[in-house]
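Number of protein chains: 2
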Amino acid sequence: MPEPEFIAGFHAIGKERYHHLHRFHLLMHEGKLTHGQLQAWALNRYYYQSRIPMKDAAILARSDDPSFRMAWRKRLIDHDGDGTKPGGIEKWLKLVEATGLPRMQAVRGEGILPATRFAVEAYVHFVSTRTHLEAVASSLTELFSRDLISLRVDRLLQHYPWLSGGLEYFSGRLTQAPEDSEFALNWVVKHARTREEQDSAHDALRAKCDILWAQLDALYYAYVNPGWPPPGAFQPSDL
Amino acid sequence: MPEPEFIAGFHAIGKERYHHLHRFHLLMHEGKLTHGQLQAWALNRYYYQSRIPMKDAAILARSDDPSFRMAWRKRLIDHDGDGTKPGGIEKWLKLVEATGLPRMQAVRGEGILPATRFAVEAYVHFVSTRTHLEAVASSLTELFSRDLISLRVDRLLQHYPWLSGGLEYFSGRLTQAPEDSEFALNWVVKHARTREEQDSAHDALRAKCDILWAQLDALYYAYVNPGWPPPGAFQPSDL
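Read top to bottom, the protein sequences are chains A and B.
Residues in the first sequence are numbered from 65 upward in steps of one, following the numbering used here.
Residues in the second sequence are numbered from 65 upward in steps of one, following the numbering used here.
Treat the hints with care, since some could be wrong.
If several chains are the same, the list does not tell them apart, and a pair holds so long as it fits within one copy or across any two.
[As the list claims (entries may be wrong)] Straight-line C-alpha distance at most 25 Å; calculated SDA-like pairs for lysine to any residue:
| # | residue 1 | residue 2 |
| --- | --- | --- |
| 1 | 254 | 215 |
| 2 | 79 | 175 |
| 3 | 254 | 146 |
| 4 | 79 | 290 |
| 5 | 158 | 90 |
| 6 | 79 | 174 |
| 7 | 138 | 302 |
| 8 | 149 | 251 |
Since the hints were made in silico from the structure, they are not lab data.
Start from the sequences and build out the full structure, keeping to the hints where you can.
Written as structure tokens, this is what we have:
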């Protein structure tokens with residue numbers, strides 16, 4: 065497949081399957097989520113955030129190329145911090161606190177949906193067991209995250225101003241994600257040498273979209289419609 | 065914990081969390097599922113069935129005790145067959161065909177819900193990475209499956225008589241599951257020597273209940289209410 069077509073393929077997949085299309089996000093951006101639904105979102109999504117550096121370490125661990133590892137290392141710093149500036153995980157805990165939930169509930173994963181756990185584990189497992197190319201290609205949802213995040217910050221401030229102290233995570237991602245996806249896309253283009261490898265990279269992005277989508281499906285169904293959290297899951301006081 | 069209390073703990077967990085309580089099963093048993101919903105169930109559940117021998121092989125692989133391995137080996141035969149009599153997987157394919165879907169769609173996993181895949185992978189991963197005790201204890205949902213299966217066969221025949229050619233899987237399980245759970249329970253009781261080990265065995269059963277429940281949640285939400293299959297998933301013709 066010629067390079068422009070290969071790259072366009074990623075964008076076509078995002079247009080169809082990235083979770084900016086998910087009803088949970090549409091409701092969020094229309095200001096139609098309740099306080100409890102936003103709590104459930106922040107709590108469950110924290111589990112995803114907390115596994116991102118483990119996922120990135122698994123990808124790092126697969127590379128015998130110091131320059132790849134050095135570039136990828138940036139992601140660990142972005143999420144775990146550098147000991148003085150807080151990383152993405154700490155910032156997401158601020159968001160959890162801004163929703164009124166105790167940070168330790170998120171840290172302990174108390175009441176998160178089993179489906180959240182399964183989808184996130186599937187992601188870590190995917191990057192650990194598939195090819196290095198597929199592992200890197202699965203990160204390419206970051207090609208689409210900038211637009212979603214900038215819309216989100218705008219709408220969260222508009223509709224849920226009480227969240228404003230918890231949005232620092234997103235401002236960081238506005239610059240981090242495009243840097244990361246640019247590196248990853250160049251690397252994938254360079255290393256997908258056969259048609260099969262190119263197809264496997266597209267499939268990896270589809271798989272990652274499924275992982276993000278399944279997390280919002282679980283939230284939507286447990287907390288919006290029909291609104292039936294499974295046994296043991298977080299029960300918002302307004303549900 | 066005294067032995068009777070330890071054993072009663074498993075039964076209490078089943079009473080609260082086993083998927084006989086799930087709304088999808090309640091609808092099934094009331095005859096309220098559509099043809100397409102039963103297709104989606106058979107198709108998705110096939111993925112679970114197909115991974116059972118891989119799960120059991122992972123448990124087998126953890127044991128250095130030939131008598132344990134010999135007892136557990138029975139499960140591989142039950143599901144994979146012995147080359148003359150069909151095993152559970154082949155019987156489940158008959159059920160898929162009885163719903164009108166091609167067996168190859170199930171074998172290929174075409175259109176199964178990503179959430180099904182994630183939950184089932186989480187099960188295989190659980191038994192591969194947790195302690196041998198937890199791995200065995202997670203099988204104890206079989207303590208409860210006999211009652212569910214005998215009710216199910218009864219109600220499927222009553223409400224969906226066109227499925228009658230596909231129910232052989234369940235008749236086999238009526239005797240296999242109680243044999244298996246009796247062995248597993250005795251083994252767990254004998255090998256959980258500390259309070260912590262006993263608690264971990266209870267937690268393992270809870271985790272397994274979550275895995276079963278999440279599969280039905282995904283089916284319910286994608287195909288019953290609200291009825292939104294994620295991108296790429298099976299679309300019944302009557303949805």
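How the hints compare with the structure:
1. 254 <-> 215: neither (32 Å within a copy, 57 Å between copies)
2. 79 <-> 175: between (32 Å within a copy, 20 Å between copies)
3. 254 <-> 146: Intra 31 Å, inter 48 Å, cutoff 25 Å: neither.
4. 79 <-> 290: between (27 Å within a copy, 23 Å between copies)
5. 158 <-> 90: within (23 Å within a copy, 41 Å between copies)
6. 79 <-> 174: between (34 Å within a copy, 22 Å between copies)
7. 138 <-> 302: Neither way: residue 138 and residue 302 sit 40 Å apart in one copy and 49 Å across, limit 25 Å.
8. 149 <-> 251: neither (29 Å within a copy, 51 Å between copies)
Going through the hint list in order, the structure does not satisfy hints 1, 3, 7, 8.
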